[in-house]
Structures are given as C-alpha cells and as structure tokens.
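Position chain B relative to chain A; hints supplied.
Protein chains: 2
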Amino acid sequence: MPEFLELLPPAAALEKLLAHLPLPDLPSETIDTASALGRVLKNRVLAQEPLPAFTRSTVDGYALRAADTYGASESLPAYLPLVGEVPMGAAPQFVLQPGTAASIHTGGMLPPGADAVLMLEYTQESRPGELEVLRAVGAGENILKVGEDVAIGQEVLPAGVRLRPAEIGGLMALGITEVEVVRRPRVGIISSGDEVVQPDEAVCPGQVRDINSYSLSALVTQAGAEPVRYGIVADQAAALDAALRTALAECDLVLVTAGSSASARDLTADVVNRMGQPGVLVHGVNVKPGKPTILAVCDGKAVIGLPGNPVSALVIARIFLIPVIEQLSGLMVGHSRLFTQARLTVNLASQAGREDYIPVKLISTPEGLAAAPIFYKSNLIFMLARADGLVRIPADATGLGAGMIVDVENL
Amino acid sequence: MPEFLELLPPAAALEKLLAHLPLPDLPSETIDTASALGRVLKNRVLAQEPLPAFTRSTVDGYALRAADTYGASESLPAYLPLVGEVPMGAAPQFVLQPGTAASIHTGGMLPPGADAVLMLEYTQESRPGELEVLRAVGAGENILKVGEDVAIGQEVLPAGVRLRPAEIGGLMALGITEVEVVRRPRVGIISSGDEVVQPDEAVCPGQVRDINSYSLSALVTQAGAEPVRYGIVADQAAALDAALRTALAECDLVLVTAGSSASARDLTADVVNRMGQPGVLVHGVNVKPGKPTILAVCDGKAVIGLPGNPVSALVIARIFLIPVIEQLSGLMVGHSRLFTQARLTVNLASQAGREDYIPVKLISTPEGLAAAPIFYKSNLIFMLARADGLVRIPADATGLGAGMIVDVENL
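These protein sequence lines are chains A and B, in that order. Counting in the numbering used here, the first sequence runs without a single skipped number right up to 411 at its last residue. Counting in the numbering used here, the second sequence runs without a single skipped number right up to 411 at its last residue.
Do not rely on the hints blindly, as some may be mistaken.
Chain copies aren't distinguished; within one or between two, either way the pair holds.
Stated by the list, open to error - Cross-link-like lysine-lysine pairs, in silico, DSS-like; alpha carbons within 27 Å at most:
(1) 361 x 145
(2) 361 x 291
(3) 42 x 361
(4) 16 x 291
FYI, nobody ran anything at the bench for these hints, they're computed from the structure.
So here's chain A without its partners, still in its complex pose (with noise of 0.2 Å):
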C-alpha cells in the first residue's frame, strides 16, 4: 500500500496544508448589522463617537456637587434644597447651582454645575423640596464621563473576529446598523463510489445512501460557511475530473468523499493530482478513523479528499475543514474548537504512534461530568448521533485510563 508509506500526524498534516493556502482573500459585502450573527468582521472598527455620548450618572440618587456633601454623616447630616428632576432621555433644562441638588436616574444626564451623583440609599427626603444628605461623595463618585468607555477613534473590534451577540449590540450602540464582512466561503462537496445512491432512493442490494454529502453540508453551515452540493460521481477518472473542475471553480475549497476500496481511493488522489499546482500534499495521515485522507492545494485552493466511512469523514472535516474555512476567511484565532474536561469510565487503548478520536457520551456524576466512549461493531453514522463528544488519544500515548480527567472536544 505505497499510499501509506509516509503517514504525517495530524497536526504535520494539518500545518502543511495550511501553509500551501494562500493568504486570506475571500471578497466581502455589506449586510444589516442585525443579520450579521456568526459572520468574521472584514475590517476593524473604529468609534465614531464617544461612549458614553454624555456624562451620565451610574446610580439612582441624586445630583450635586460633591463639595457640599463635605463632612455629611448619618449623626450630622447636610440639607440642600431639591430643584428639580432630571428626564430620562433628555438634557436637562437647568444649570445646578451651589447648594441644591436635582433628582436623577441611572442613566440620566447630569446637569451642567453637578460633578457627583449622591446614591438614593444615602438620602432621606424628609421635607418636601429638601434633600437630606446622610453621606459624603467625592467629585466623580457614580457619574461616567463623555468618552470613558469608548474614546472618539478607538477600536472597539479587531478585524477577523466572529460576530456573536455582544459584537452585534456594541455595533448597534455605535449607530453601525450596517457591517462589513467577509464573504461566507463556498465550500464544494462531491461524493463519489459506484456504490453509492441518492437518499431518496430505494437501495438495491450492494448499495448504499449518500450520506456524506449531508452530514458535510451540516457541518459546513455550522462552521459559517456555504455549502454547494454536486451529488454523486462514478469511481471514474473522467467522471471524477469533471466534477471536480466544476466545483474548484464555482468554490473556495472541495471536499472529495472518495470510494470505500483503495483502488478508489487511488483513483481521487490521480484525479486531484490533475486540478493543479502543487497538488496532493499529503497522502495518509497517521489518525484513527480516518487514515486515507488526502490533503492537496489545487492553484491556490483546498482539496480535501475523506475517507468514505461517514465517521470517518466526519471526524476528519473536523479537523481539517474547519481550519481551512477560518484561515479563508481571516478569522481570528478563538471560538471554534470547544471542549469539555470529563472522567474517562473505562480504560481505552490505543496505538502508540496514531492518534485516536473515540465518540463518547457525556455523563453527569456527583463528581463532575463522566466520558463513557461508544463501541459499536462498525463505524457507524448512529454512533456519532449517540455521541457528545470525542475524546482525542495522543500519538505518545498507548492509550488512557479510567478515572483520567480527558479532554472532550464537543461535537
């Protein structure tokens, strides 16, 4: 099996991919901000105005100036005299003079002449009109200045980074309703083997449904990127070929799921070999599911070609695709790839020198969460579905131990 001579670990294999990609340079377009959830930010973004946009009071109470709350205690009190209330959502119309204090909200504006707000739990209001002051308060206590938060030009978001709901309000605080980003990239999918038949399809005997196509396509639109499915191909060159002209030129990236036997696997890394420069990269990788997976760089775009066996491809887009798809789209480093810590239930063994993804299911315990791995007869689609997660064995170990606290990566 000359294909497997060389098996690059996944993290080699991975790098080598990454490397052989062009820069980040996917085109981008204006869309709402209110529509932007989950889309990479093409530019960073400066504040066009100060935040707050007026120096506002952080607490409900009272404003005034803090001078004359100088020595004011619960047995020694200071008065001063109410003379007004300040609207929520409007400048107020008065100018506080010395000696008086004026009724505010949080979130108020505070009145010209005020340079602290006095908080309601240390006030009485014991005659109508007079404010009794059981607490001093020193200049600035409980008032945010114009631009404290976010100052005239200041970057409030780097490019690259993925909008979540937080991005989105900072955005609309700024008046940004709309946004520039980064185009979601196209990903190609092409499922190939004689064996293969539409899902909707009555299965004859031999066959079997596409179900890669699907379970790719879902993963691609959770990693934020737009799914283009080409359907199923023929273990032929010629058939093959074409498919996959067709796709690199419609996408940014392609993903091959190549035939279950060798020689079809054979027959994608020909095929892929013929789309450009530089070509197949790496031809096997030392991981398990998913040994036959081919990792090539066509004139500046991703092949992947993935194991047949759904589980294995799976297993396999995860690791790959994902990276590709964010390097594409210039995203920062951060939030992709989450896991939990949990105690593994039973010993799991492994070949030193490969490294392993087992399905395990999460289980909650008095003593925290509990990774149960799944064992089915075949690599089977079901086995993922049970799953919440996979944990990863290392190729410098030969296994790990019950009672060992893994790390789950969260499908």
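What follows is chain B alone, placed relative to chain A:
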C-alpha cells in the same frame, strides 16, 4: 427597595419559572432533512430497514469460506482458485463454491457461499487466478451481517434531540429525507425606556441607542428560536401594556428589557402582573450583574423582565431564556451550555451569598488555558465583545483565587 427584599439564587429562580410553565407543547412541522440542522426532533425515529441492508465486507480482500483457510500460515499457505470479483454497488452474480475465493472491496456485498473475508495484507496472488492464503480467518471475520448495526424497528434517534451533522447523516442512511421537527419557539422582544432610540437615529444628549433588541435577537437565533422585535416602548403603563399584549398573543415567550431606573423596573413588574396568571414569580435575583430580573408566567407563557443594561441583559438571558427555549422545544438536556476549564490569572473578590459572572479572555499558555478577567469602569457591551466566556463565582464563595481552575462558560 421592597422589590429586592427576597432575592432568590439564580438556580432556584429558574426552577420556579420552569415549574410554572406548561410541558412542551409547540406544534411540529415537516421539513427537508437536508435543511434540519439545529432543529429539534418531534418524535423518536425507528429504523424502517436494517443497516447494513446486505452482508458486507469491512475490509479490502477476498471473500471465501473460513474453513478453507484453517491451518494456513506464511510457512504453509493454502491455495484457492480465484473465481471473480464482487462489483461495488451491485449484488455478486455468482455463488461462491467451497474451495474458491473472490476479490472483494470494503463495502462490497458478500457472495452467497462465503462466510468471511481475508484481508489483502495476508494474501498474495503469486500466480494469475490463484490466491495464496497466508493466515487463517474465522467464520464471520471482517464482515458485517444484515441488521448488525441497526435492526428493523430499533430506535435510532430519541424524540427531543437537536439535529447535528451526525443525526442528519443517520436519517439519510435510512432514506428519511423529510423529518418532523418542533416549530422554533417565537420569542418576542420589547425594549423599554424613555432614553432609548433606534440604532440608526441620531442621538440627542441624554439618549442611548437600542442595543438590547439586537443583541437579544442574536442570542435567540443562536439558541435555535425565532426572534420577533416589537421595538422601543416608552416607560408608560399603557404603552407597555399594549406592546406586551400583542407580543404575548403572537409569541411563545416574551423578553422585556426594563428602563434603567428603579421606577421603570417597578412599572414593568406591575404591567407584567396584569398579563395573566400567576403573574410575577420572581422579582430580584441574587446575581451580579442582573439583580433586577423579573420572571413571570402569564397564562402559560413566560415573560422575562431583563435589566436595561446591555451586559446584564445578555448574561441574564443566557441563564433564564435558553432553558425556557429548551423546555418549550422538548429538548433533551445536553448540548447547550458549553464550558471550558482554565486557570484564573488573578484573584476575584465576590460578595458571599451572591452569584457573580465575570467576563474573561481565554489565553493559551504552555501550562494550558488561562482565564484573564476583563475589567471596565462600567458595564459596557464592548466588555462582553472582548470576552471569550464568563466565569461563575458560586454564591457560597467569597471569591476565587489566582491559579484556581475555573469553569468558563463559552460565549
């Protein structure tokens, strides 16, 4: 401040809210399985056919009768005439006679007469048409029998699972190209406050833009529900009453962000109480940020009154909104709140008896992930935008020490 006399801890407040909600009762809809990512399965799925549907080889090699290999070894090979090749995707057109072998690929259908597959690695084709068998194989080895993965009638997916790529693949494997899912819960969002204006409006002194309608919409979308925005409502009972009635009639649950002042929050609670029985269940939660939270059930629908501050509103919505959405959808507990473990970089103080949520940045270090708290003078939305997650300080702690391993809820 009578509203805060009795502050419930967040977990108890949530339990009270969920206990007053009706059992999952959202209608279902039938959609294409290919578009069902993230949707919740209405009913369990039983296999209408076995998997595999035919006895198949799990390796590349030779179909034969195990008995014909007994005693074979590298030093004493057995020799079998090769009678053909099993095509991929079709039933073999021959019966395998005793004392013969046929070439077969991974996923190929076992010919009648064969009971095992010998891996390619343990064979040689020394003379054309003759197989040299270098190792014995047991009956049933390297084959998967009909229904061995999934038997007819077996439950492959329970009701209430959220469909991920693996579940979508599993449904396709069984030819289920349409699926009945729970309708997405509709979540009404009302922003109240005299000081709040639309994000695309120019702000006058004293005014702030509406952040919450948009950050909460994004959170609702992220949680698999459908946001319906009812805009900005002034802090007047009549206006809030009308908006809430409309939202409750059209949605499955409603979020109201209250104005910033204490009086605006009291107004919200009064109006919510008019909307139906039992009305406000919780007014004030022992959590920071988010103390002035209101939880209500009005004639079977949840109303969540959130603080006006955008950070508090998002943190509290994560705690209360997401579990309500999950319960409404009949979602089995599982995947929603994801945690990462990290080492705290500094001491964090906290008030005993209160649960605190502190935004943190996750930093890769040679010793693993570190969680660095983000400090701002005010509770600004951009603080959350800089954060990777939230560290929870439990109510029974007076703080967390630098170097401690903490759970970080991913944002």
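Going through the hints against the structure:
{"no.": "1", "hint": "361 x 145", "result": "between (51 Å within a copy, 26 Å between copies)"}
{"no.": "2", "hint": "361 x 291", "result": "within (24 Å within a copy, 36 Å between copies)"}
{"no.": "3", "hint": "42 x 361", "result": "between (38 Å within a copy, 22 Å between copies)"}
{"no.": "4", "hint": "16 x 291", "result": "within (16 Å within a copy, 51 Å between copies)"}
This entry satisfies every hint, going by the numbered hints stated previously.
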